[in-house]
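Chains as they are written, first to last, in the numbering used here: chain L, 1 to 418; chain P, 1 to 1135.
Heads up, some of the hints might be wrong.
As the list claims (entries may be wrong) - Okay, derived cross-link-like pairs now, DSSO-like style, lysine-lysine, Cα gap no bigger than 30 Å in a straight line:
#1 L/K398 <-> P/K1037
#2 P/K1105 <-> P/K1083
#3 P/K1036 <-> L/K240
#4 P/K424 <-> L/K366
#5 P/K339 <-> L/K240
#6 L/K378 <-> P/K347
Unchecked claim - Here are a few chain P residues that sit away from chain L, every Cβ distance over 10 Å (derived from the structure):
#7 N226
#8 F251
#9 V502
#10 D579
#11 S601
#12 S619
#13 P656
#14 E962
#15 K973
Keep in mind the hints are simulated off the structure, nothing from the lab.
If you're wondering where the values come from, they're calculated on a predicted model, not measured in any experiment.
Beta carbons: idealized from backbone N, C-alpha and C, even for Gly.
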Amino acid sequence: MIHSLFLVNASGDIFLEKHWKSVVSRSVCDYFFEAQERATEPENVPPVIPTPHHYLISVLRHRIYFVAVIQSEVPPLFVIEFLHRVVDTFQDYFGVCTEAAIKDNVVVVYELLEEMLDNGFPLATESNILKELIKPPTILRTMVNTITGSTNVGEQLPTGQLSVVPWRRTGVKYTNNEAYFDVVEEIDAIIDKSGSTITAEIQGVIDACVKLTGMPDLTLSFMNPRLLDDVSFHPCVRFKRWEAERILSFIPPDGNFRLLSYHVSSQNLVAIPVYVKHNISFREGSSQGRFDLTLGPKQTMGKAVESVLVSSQLPRGVLNANLNPSQGTYTFDPVTKMLTWDVGKINPQKLPSLKGTMSLQAGASKPDENPTINIQLKIQQMAISGLKVNRLDMYGEKYKPFKGIKYMTKAGKFQVRT
Amino acid sequence: MSASSAFNDEKGGSSSVGEPEYGHDPASGGIFSSDYKRHDDLKEMLDSNKDSLKLEAMKRIVAMIARGKNASDLFPAVVKNVACKNIEVKKLVYVYLVRYAEEQQDLALLSISTFQRGLKDPNQLIRASALRVLSSIRVTIIVPIMMLAIKEAASDMSPYVRKTAAHAIPKLYSLDPEQKDQLIEVIEKLLADKTTLVAGSVVMAFEEVCPERIDLIHKNYRKLCNLLIDVEEWGQVVIINMLTRYARTQFLNPNINESLLEEGGGGEKTFYGSDEDEDDDDEDDKEKKAEAATLAKRKPYVMDPDHRLLLRNTKPLLQSRNAAVVMAVAQLYFHLAPKAEIGVIAKALVRLLRSHSEVQYVVLQNVATMTIKRRGMFEPYLKSFYIRSTDPTQIKVLKLEVLTNLANETNISTILREFQTYIKSMDKDFVAATIQAIGRCATNIGEVRDTCLNGLVQLLSNRDELVVAESVVVIKKLLQMQPEKHSDIIKHMAKLTDNIQVPMARASILWLIGEYCEHVPKIAPDVLRKMAKSFTNEEDIVKLQIINLSAKLYLTNSKQTKLLTQYVLNLAKYDQNYDIRDRARFIRQLIVPTEKSGALSKYAKKLFLALKPAPVLESPFKDRDHFQLGSLSHLLNAKAGGYQELPDWPEAAPDPSVRNVETEEVVSTSEGRIGLLGAWREVPEWTKCSSREKRKEKKVEKPFYSDSEGESGPTESADSELDSASGSESGSGSEESGSGSESDESEEGSESEQESEEDKEEDKKKKKKELKKPVRESESEQSSEEEEETKREKKSKQRKSDSESESDEEEESESESSQSESEDSESEAEVKKKKKAADSKPPPKPVKTENKKEKKEMSLLDLDDFEPSPSPQVTPVNTFMSNSLVTDLEGLSLSDSVLSSATITPSSASKSYELLHRITGEGLSVEYCFSRQPFSPDGNMVAVQVQFNNSAASETKNLHMEDVKLQCGMRVKEFPEIELLPAGEAATAVMGIDFCDSTQAANFQLCTHTKKFFVSIQPPVGELMRPVFLTENEFKKEQGQLMGMNEITERLTLDAKCRNEHTIVQRVTTAANLSRVPCGSDKECRFAGRTVTSGSLVLVSVVTKEEGAAQLTVNCEKMVIGTMLVKDILLALTQ
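Isolated chain P (complex conformation) (with noise of 0.2 Å):
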């Protein structure tokens, strides 16, 4: 064939195409020669080497297989193509492929090369879709091949491609069983996946692979809770159900306390019966006493905090707009939570009813099966639940099923008066289910029995056959449970069958009649008068019911009855019927006693007037919640191919402890707090000292100790306090070398510089040991006995000190926690000056420094958990805090549970400035520092904490603000006026200003009552922010949100000293103002906070590598704060 009318007849065939000729193409219908003549030219234009040809040709073939047509033929021109460039063409490639490999597996291995290839493909799409493919074609032969490309992806670098691993799973385990061992190898490791984007897939996979493997899932039940609401929404249905399989192995039912006395201590008397022998009298009493005793020796439930993570996690997930998803967490509650909390799906249970006819066809079903277990859930929501003329049958008797298991004393009212419009409606099918729904209503509540039964024998007189019977059958259910309350309503019956034409309704009544003719036994020979009368016009079913009555009447009052009974046998003898003929026949032999007769007769009563048994009126959905609830099971009443059973819960609660997973420890922080609590207890010496004293001597004693003798902390777990610890300790030290001042000497002018320089210099040696003291224990050897000096002179100050007055305490505090000042060779007069600027502060001391030390202790077991440098020595800078600020720290110390927000900002070091110098202030010198304090009457400024020190000669008056210049968008809130500073005296004032998150200073005139002074207060950029508290997850979400232009990286070698984990987080904190991160590694340190004014996120991380490398990433949104920042912590770790 020529290339040109290859040409043609591909133009024919492109009009055609894409277009609505697809639909009618005329090969379907069909002559055998047209079609093989078309797949001809299909061929040709395969091998075409146009791609738009070939893509018309593929279009077409796709358009053949969607409407069910064999192409099967065409399999080895479709394969040729499967390495073509043109995306679409490929694309339908595989299609046809995945549809006829299975069909043609020799030429379907032509193409695996090409996948194979595509599965190393640097781009992860191609890596993915390869692999898609493959894993798609069902060709047993490449199984090795498919294992193969599925542990590889699992291991990919990207995500994608590792879902698509995921997905491969199920797939090659339908092919080959047998891999399965090799395959669970895999789901392992995705399983460990962090990523949102695996987890659903991977779950999937363990579902359908190995259900059964729920150890599988420990290490990953709290990552699991944790990503569950990130995962799209797919994945969710499937590992929300998965959990509520692996809660219910896992963790102790939640209403345990609750079902026993339920059921009323069945179990538990047993269970004592086999103890004690009991007598029957006092049984009731002594089982409720015993009961009583069991429920108090059972341990009070205590939830296991992973039970509360799932249900906590799941519970926003009903506000998904899928409707698979809410259903899933449905039941999850109905399944895990405690009944009190189940309430919380009914609402959203009620809003699926909104959705298509479908989603409430199975809901409704669950719904049902929810409203026999625990009723009180929906009954708020009773009239969501009415019927709509146009809702489609089977939704209406849904809907009249749950509102007849809503019904209770209460509403059964308003829910009959519903009912009584249902009965009129046009669906008859529908008013049969409604009546049989009147009926249970009536057997349940006693109330509305009789009126059910009057409604019910009204409706005997419709015209409707079905609803006849359908009362008739219900109401005869009815009569049978109430025996004692018969004659009234059959009286009435048999009224009804002067007027009743309907046969069958007729036939019921003359039954009922019958079977409680003991109760009237006035009327049923009247009406079988009546009947007898009018037989020969009666309907078939109404004759043999007549015969019926006569029979039961004969044998029970047979002298009123005996001749119309025969009279009916006879008409009965000749009726056209032969049906009514044998019948009248059959029952002549037996009821009426002749020679002939058989020892039948003898029973013939017994054999008519047997007791019925009464049928029972329940609902179909009872019981029905052994199937996990919104399975496929559970909708069909009937266990489906691949159900997983819902476990019973455990008797007792296996280890949670399996769930312990090491770097997770870190991100959930309740557990983590749990763990240093419970290391807080193997160090009793800290609690037990009560008092203060002791306690004082203890923790100035402590570091010496282990300096001398080499502890390195006493236990493993308790390490992380010391850490926290001493590396807030070595904060203050590295504070004072950094800043040359800490605040209180920077005070008093007169201090000489040589003093403090040497001071600094050994103090600094004493930091360091400390600091590295389980590392480097040499060193701490070497500096020992200076150390051992030091301590003495401190003591002995220390007991001076403590000699003089009840003010000292408060130098004290300092000197014992900074420990610089006891080797000051302070003159007593400075010291006393500092005592006074103490004494100006009203609040009682005693109480103060017991907080400080409370707080101390407190710091050290457990806000390490929050912040990791919460110094201790800090708290002598604190004695400049206002009041209130003390006060605050003093909630903090009361317990841990206040320790939430206020400890994740902690004063941890504050750096004081110079405002005003003694000179030029003459005599007056102001300084500022931050206190990094929340600025409570404007959470978007920043504290300021203004020290005003009055050398001069005589007092100051009316210390005060004016003329505030500011850049655009500042604010300052001016401290309040100090009227008074006498001479000598110091006094601290809070200031707060907005600096809007700009590096600007705040300019303005500090006035006295005689001189203004022009300052200005200028933050470093560390102060522009304010600590928060992330996850480590939270943490990398937000890090992987602030990318590009927001991410500053520096390179950097730490400063020798500044080598280890706590040196860093301290000098990071030093220089702004964050909170430390939870991280796994300890290579990592990681910090967060947001500026004060825009509340942008502000993350820092500093990866540490060999010889002091370390690499400094910044995020942050405001680029400009993130450079300055870089710089700053660049040089607080390098200096």
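For reference, chain L alone in the conformation it holds in the complex (with noise of 0.2 Å):
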């Protein structure tokens, strides 16, 4: 199984290397400099290379790749996961997951890795275990546990371990009782050049920030739980009642986490929140373009369409950009021909428009691809697939919690090809 793990950072400097079985030397990360030196972008690295004597398997995230090295077979998703699994587990302890976090909590991180695999096979990864095991850094405890050289290791076993649910520690008190779920959905679309939708579909997830006193017993029914196509759950989930009622009963871990993704089927027709009206061209032999893109609203069901950002990979030849937005703000960056226009809310009556020209290279023939058009976007109180819940229920446990629900409908990969 996983051997080692070596974490580097974007300038190519391993800054973290941990070993479950002996030691390898750090030098097998020259085949991984290779590779990166190889790809033109960070994430054309491969995700599997073969060296002669192990192999590297490797994620990106946060611009630090996470290194692990096997020897022998292994399915690589199970590597791959797990990996993602502890940068998922470093999020959740430190808030975010970069270098400098990384190296200010070395021993936590260490303890945290020496946990979650023994010899190389994953022990524990639930994050309630961990937490009982290990406790997460707080400012406060920071200074005290300084002052009074006291402990951040859990002292009692993780009875999670060895309950029923091993996704839920033991012994959880709340003064408040509170359920809040969060159903958001995204919106995968690739619009062509004429405005036609060529794939459209709704990925969404209901994430749920759960903290209730004991052990809660909790059923979620929706309105319309056949829109649902394809779900995956969280172990919590009661998979039979699922497929025989289509309820969500489960045991939640404490606090937070995923509780389903689910895809909408594609049969239903997806709403397309926006459209955008563009005109990009370059003339041959003139060193000047045009650009006019219009924005404006479509299928929104009467919500404002908030935090639009656009974004466009320029062709290699503009040099600069001259333009003229009717609201919000747009940033031009020369070196990575990123175009960004930060649009804020979208205004029925006067739609945003950005105007104005771009410089090319002289001389240069004219690029023969118009730029894609990424945008992302924002519908508050809405699932735009028409999912609703019912109702929560509770059980098991006496008192009544608080429960708050929340739609969202976000821009996922929105596409508009020009």
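From these two lone chains plus the hints, build me the complex, please.
This is the structure:
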């Protein structure tokens, strides 16, 4: 299984290493650096690199490469999934997963890695159990620890590991019992030049933040569960109950977790919330290009489209852009050729537009591709698929929890080809 | 050094601890002396007796290790702290120890005793962590100690420690492979472990140590399948991958028939041919026939139930959040499932495409392989593979691969349109891949070949050399495949030479024209003419191709091109580039015949115009599926170390019985049933009897035969049937004795008490004998005389009643089954009364009785699987049931497939209670019993059967309920009004009461046309539940969740008559409406039910010990119900 782990930053330095079996020399990473050099973009480094004696499986998150060294056959997804879980855990512990955060908390990181793998095989990956074993650092605790020399290592057995509900730690107590659910849907779409939809689908997740005392047993039911086509659950969800009644029944983990992710069946037509009118053109022989972009709301069901952000990778020949936004601000990075326009909220009465010229390299021929436009947006209080939670019930505990549900629609991979 | 200075040092250290400075440790910059000094003060801190100092030091050391700095010289100082009380220090010391023990073996030994002590600690956490560290220290000397520790931990009470033991196995194995045999023993032992915690880890150990010992899995196969869903996700991956391999060795190919058809009997033919010689003429015809014949001859493929079990139990895991689990299930289905079922995995795999790009990368690789074999599966998801400009190049290329594999006649136009947009991408590697993809689409799908070619030809004018080169290469390949269509395109390309400036493209075009100059005889010389004109201005590669072209033309068409060729060669002769000069010289010698030219010139044509092989355009993912999908080897397309080959399907299935496990048999119901059916066939008399008469006789006689002859059941396997049968017989017996009134008799108000008492006495004896017949023969012998008498008497009676009327059958069945009436000195009148009561029911009697008979048999043969006491004797009681219930039973008897939930709720014993006494009711007596049938109008209600008996002289009219007084929450569904009850008649009605899981009485008024009677119905607690069927595992699991306050345990001494399993089962089921749960041990009886209203689980288990001692455990969420139930069952078992 996983032999060693190296953390490599963007500039190619190994800043942390951990070995679960005998020590593997860090020179094994040279093969990785080689591949990194060959790749034009950071994300183009192949996730699996064979070397004469080892295999390197890496993931890139937050501009850190997590390079796992393995020696024999293992399902690559097993390692990749685990590495992502490691990153998620770090993020959970330190808020962010950056080189600085890891260096600051190097001992906690080491303790975590020690608990997460035993001899290269995952041991405890549930964040609830890990938190029982090693308490996440807080400013207060760090100070107290420094002064008193007390420890942030749990003293008891991680009982969760033994119980029937290994994802929930025992003895949870809150004065305010709350359960919040966020239904977040993302629209993935490709819109072609003429504005017609090539492909569009809705992917949704239900993220939960549950802070309930004891061992609550929750059921969540939907008004229209048929909308959900393909679902994947947190292990706490009782699958049989879902199969039979389309009800989510579960004993929740404590804290934040992703209860469910789903795909809305492709039979349903996807409402596209915005349209884009664009006119981007380069003239042959001239060092000028025109850029003209207008956004407008399309099917938003009366809700406001907010936090709109338009970005586009302009062709390499573009030297600079001189544009004039009707609202918001734009930036153009002449090095990466990335144009970003922070639009904000779309006002249906006065549509936002971005107009102006682009200056091209003198003498260069006209770029043969028009840039694609990526759009990010948010619509509050609406799930674009129409999914609605019917009710949330709690069993097994006496108190009355505070329940809340929030809907939001976002643009996922929303692309407009021009 | 003074303590104070050390303290100061430490202070300085601690301020910089825990904190950003770690990363920028000045020591890392590294002057040696400062480094040395630093270690010195670390040593000092470790030697101090303050935990906080030690902790700081350890933290700094760990930070050094993390950065890859060598901290090995601190080993002696650190190892001293291994026994430190502070848990964090200890943990960090462990971290250090595991890292450096290998380098400092001698010193590491100092720590061993601490761990050995830890292994004996009462706390499982400490035991586990001691074993973990001990096994992680890679020191060869301690191998025997490790082995011992692992062995001990493998039988530890705590599953957590056992899990740790499983983890330690591969560690020891890698340290000393010679321990393999002993380790396999441990693995074998741990494989038998029933907890989910251990399962994943031990299979991992199995995979690392002895993946070839597939035989170890047999016994645990079903258990692993059943546990799978509850195992933690990482374990699931390992288990699924292992089971895939296992299944490949143990089951038959589910697609075997299909693959036979597909391959057109290729294999079959040779096989056939060896048998007989065939004429080639009608071979096709014969072949088909033969194939059909072999197909027909071949047993239709039946999937092994274990194979099915695996597929069924893994399917829900496609919904896992863990991509590795989803992938593992997907590959399992791909390799093991019948073709028709594979489709389910597509959706889940497409879902993974939303995940991180690394996950996408791996999934797409596997999807690409799958699409080659099973294209249809992913076709509906075509659009999910469309490429976005933001995808990393490697993902784009893989998506392209999948799109190409998915292309067919119907979707090619959309795919090509998509490709067109890709070609304009800025990512040139991706564009090149797209062009290749177009080329492949064109070769695979004839219809679009021309469109593709035209499109590609246009691409030749692209500015990007890479694009042009790729297009030309692809066009070249396409043209080579289709010689007859060459001319048009080549002509078109020839025209392009005027415009295209990209040298690579020009060169490629010239090569094509030269290669296929025979197809364009008119154009080729003209092209050469133009080229000759511009020769001096061309790029080098173009010049080379011009020479090439001229040579080829000279050979085919020397008349027209001789001069041009010479002109070109002359120009080349004085070119600046020596390559070109060389080439020109070489070619001139070769093609222009002179006296000096050697033998080679004769072969010039062969040299230049040799047929070049057409390149093959196929997916790089072809044939990758011989690697297990999802594996590293598959991804790399090369065998990785430790890869276990996926075996081919066996020709004939190995013996499936190797997977049979005794306890397992009980758990899996389907298996159990099959076994019983087998046994059933061994007792043919039961089935052969066609006439009802005969069957009856058999039934009656059977107990006697077995009694007097001391038989103990036909076979071992049929035992359980007999058991349950006798159990149920005894059931009615004890019921009688318990309630003192079987409902039949009790309604006969005139029956004298003594009589019935006598009856019971005798009955009891009889029952006892029947019951104990296998065990207590002596007693049965004693009473056999008595028995014989009874029998004779009964027989005569039977004959009598037979001769009477058809309605007698009712009574017959009673007499025969309960056997109690046979001896009764009932007056004829009484019998008649009863008959009348029965007569009042409309359905045709013969049918009904037959149904009952069948039901009896069924219950003997099949039902015991579900419920231990479906007593045949109960059936007469059922005569009170409404007709609809009887028809229900009829339905049951028709086929055993209907046996599911309905049979779980048998009406095993209905005790009657008095609602209205004959005296108070002025001739009207009313009784009620709990029929234990589901109350169809409302599932939350308990069905109560009310029996009215009008023994008054006058008729009673308008019997109905009124003024129902209930506790809060309770509900009643009244019985329909009985309009007329003539004198001497009886009637039954069913009402439903929702008792809200309480034993509160339901009070109401029973009204006739003249009177009102206040009555109340109070349920015994055992009637407030309905049976549910649980497997042993479910039972244990549920029981585990209902601990503490919800569990009530009582010790008791069993009644002398009730010391065998059947009596216990019978008595418990009489006391409470529960169903039996299969159980591996015969010392324990388990029952399960749910309360009717709230559906809370009620679990009862009775564990018997020596000398009638027993322990009763009731688990129920509702504590009141639990307590009351304990009392009731206690009473039932001790009386």
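Hint check results:
With a CA separation close to 24 Å, the supplied pair L/K398 and P/K1037 stays within the 30 Å bound. Annotation: proposed proximity of P/K1105 to P/K1083 holds, straight-line Cα distance about 7 Å (limit 30 Å). With a C-alpha separation of about 18 Å, the suggested pair P/K1036 and L/K240 falls inside the 30 Å cut-off, and the hint holds. At roughly 13 Å between alpha-carbon atoms, P/K424 and L/K366 fall within 30 Å of each other, so this suggested pair holds.
For the hint pairing P/K339 with L/K240, the CA-to-CA distance comes to about 25 Å; that is within 30 Å, so the pair holds. Our distance criterion of 30 Å between C-alpha atoms is met by L/K378 and P/K347, whose separation comes to about 27 Å. Consistency note on P/N226: stated as away from chain L, and its beta-carbon is indeed over 10 Å from all of that chain's, at 14 Å minimum. A cut-off of 10 Å between C-beta atoms confirms that P/F251 is not in contact with chain L; the least separation is 22 Å.
At the 10 Å boundary, the C-beta of P/V502 stays outside the reach of chain L, the nearest C-beta of that chain being 13 Å off. Its beta-carbon lying about 30 Å from the closest one in chain L, P/D579 satisfies the requirement of being farther than 10 Å from that chain. Under the 10 Å C-beta cut-off, the non-interface status given to P/S601 relative to chain L holds; the minimum distance is some 47 Å. The claim that P/S619 is not at the interface with chain L holds, since no C-beta of that chain comes within 10 Å of its own (minimum 19 Å).
A cut-off of 10 Å between C-beta atoms confirms that P/P656 is not in contact with chain L; the least separation is 27 Å. With a least CB separation of 37 Å from chain L, P/E962 remains clear of the 10 Å interface cut-off, as annotated. The beta carbon of P/K973 is kept farther than 10 Å from every beta carbon of chain L, the shortest such distance being approximately 25 Å.
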